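> Listed below are the residues making up each chain.
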Amino acid sequence: MVFEKLNKNALKCMYTATGAGVLISMAILTGLMWYFALFSNALLAGVYLFAMLLLAANAVISPPFRYKRYRYAINDTCIDLREGYLWTEEHIVPLNRLHQISMNQGPIDRMYGLTKVVVTTAGGEVTIRFLEYQRAQKIADALTAKINDLALLSQNGGHHE
Amino acid sequence: MNRKPFHCHPSIILEKAGGFVIAWLLILLSQADEFLPVLFSGKLNEITLETVLVLPVFLLLLPGLIAGYQFLVWKKTWISLDENTFIIERNTFTRKKKAYSISHIANINTEQNLFELLLHTCRIKIDLDNAADAESTDISIVLSCKKARELKTLLLSLRQNSHMRNPAEHLTETDNLQTYVSMREILVHCVCSLSGGFLFVSVLMLTCGIILLSGGTISLEEMLWEHKNADFSMKILAVSILIISYSYQIIRRLLTFYHFSVSRVEDELSIRYGFFRKQDYMIPVKNIHALRIVQAPIARLLHLYEAQLVCIGVGNGEEELAQLTLCCKKTALNKQLSEILPEFSTISTDALRRSPRKSWKMHSAAFLCQLCGFCLIPAGIIPYFFQDTAHFIPALCGGAALFLLLYRLLKFLCQGYCLGNSMVLFSNGSFSKTITYIPYRNIQRLCLKQNPLSSLLRLQRGSVYILASMLSREISFPYLKTEDVQKLTKNMMQSKI
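Those protein sequence lines, which keep their order, are chains A and B. Following the working numbering, the numbering of the first sequence begins with 1 at its first residue and continues without gaps. Following the working numbering, the numbering of the second sequence begins with 162 at its first residue and continues without gaps.
If you are wondering where the hints come from, they were derived from the structure by calculation, not from laboratory data. Heads up, a few of these hints could be off.
Okay, the calculated bits of chain B under chain A, using three or more residues with CB under 8 Å as the criterion [claimed, not checked]:
{"no.": "1", "segment": "603-617"}
{"no.": "2", "segment": "644-655"}
Sample of chain B residues with no beta-carbon within 10 Å of chain A, all distances over it, derived [unchecked claim]:
{"no.": "3", "residue": "168"}
{"no.": "4", "residue": "172"}
{"no.": "5", "residue": "182"}
{"no.": "6", "residue": "342"}
{"no.": "7", "residue": "453"}
{"no.": "8", "residue": "499"}
{"no.": "9", "residue": "545"}
{"no.": "10", "residue": "629"}
Nothing here was measured: the structure is a model prediction, and the numbers come from that model. Every residue gets a Cβ at the ideal spot worked out from N, C-alpha and C, and that includes glycine.
Excised from the complex, chain A in its bound form:
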């Protein structure tokens, strides 16, 4: 199986998305500490500082790792997607279980010209993220054609006409 890797824009997108998430978490944490006047407690202030450092470290360290780990492969039988940082996940979706293909773009994706391809089965969906628009379009078209082929094949009792 040949795995495809992501382009450089995906790394920028990961940095932006993780950075935004970390900033929101920091703001909520700081707001809670300030609202309940917990900064005066030395122990909690220490825990707060430690949490802030962890969040900042995550924003800097995790994107390159996730970028390096992220890969996907699509062949005649299945979609294989690998992602993660410390905890990794591998999603395997047989093509003959596909029900629906869709393409989505969030605001950060749009900034970098990236798109998600969402493949839906009867048991839930798997998302291939950080794809360039052209490539996503190509994948979506190929998968849709594959679904149609398989539907025709099953209608004909498993024989090509």
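We have chain A; now place chain B onto it with these hints.
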């Protein structure tokens, strides 16, 4: 049954409006002590005209409006069958027309609550075989029992495309095969299938009750008859309420499984049970996506097993249970399975293999993390904030640590798997144990998970996903060797839907 458009049974108006009217009456009665003295005080002249006129008119009009709206909905809703489509059309303030393909009907169930039982009506619940609506029943209509039977028969015959047998024959055949379980078996099942969580809360409540009662210094007799301690009587009342509510749970379960019966006619399972709420399910075997063999904590101690189905349309709500067998011995379970559902009895649970031995290292690591999170860190932090708790923290944390150790040990012992030719078996649990049979063709996708330590040990765990309701869709499997994961993937890929 003719195919002319028809309405639901008119009792649905009462059923839908009744709930609101009862709630409204209860609110009204709870406020009666405030407005009745005013009405009968003879000082009505002092009250403003708006209050006198508007309030009673509003109070009387509201239930009338609700009942009127429900009547309109009933009158303007038509149900019809058009070739291979089941159509529900509603034309009230808005216009809605929903057409359901009969070939996509997964199962047709009937249900009767007490009100419907008295009126000789029943509810037909139809589920379609799509994942989008797997959480709820797609179509639910109330008809008279006769009409419901006719509609069910017609839909069943249309679904099967009348390719085999006469539908009328089908129902009689099912009825002849019904064998009901005895009251003793139901009672055993109700007690033995109590979940771990229920037992845990019960023990906790019982402990609280004992602590509450031990606070009293006088005898029960003195308290009850001589009213020496009102506070103590409140404690007794609290404990009584607890006992009554838990007894109610058991009795409710007992009545749920009253007249439980399962039978099979060709490729369909008929499951019936219920006392106040009668359920009747017809489940095509091809729509059963997995089978669960469950052992609740008490059942494990007594070596009893129960079987549950995982399929669309049954088991969505709290009242709906996809129960295939009640708690019974292993030999009885195997016998029942081979008779009712031979498709899932090709592999015995004895074929289960334990998770690789090195997975114990993963459990040890998880135990250490949980020990830090739930025992050591709280033991350090709590006395810092609450100095007076310092004396009982070691005992509490020690107890929690022992519980965690027992939990991890049981979890490790419960985990197992078996990669058969046509299906895979996964065993999971801790205090309860669940063995899930999943045919490879029903696995929709696979998710494998690894962390740094499991990667080092070349172990993988994960989940398989099937077509089922949200709670049953994901079936996790324990740590497996990489070779076994590859075999599982290969079998899933090679299986045909």
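> Flag every earlier hint the structure violates by its number, smallest first.
9, 10
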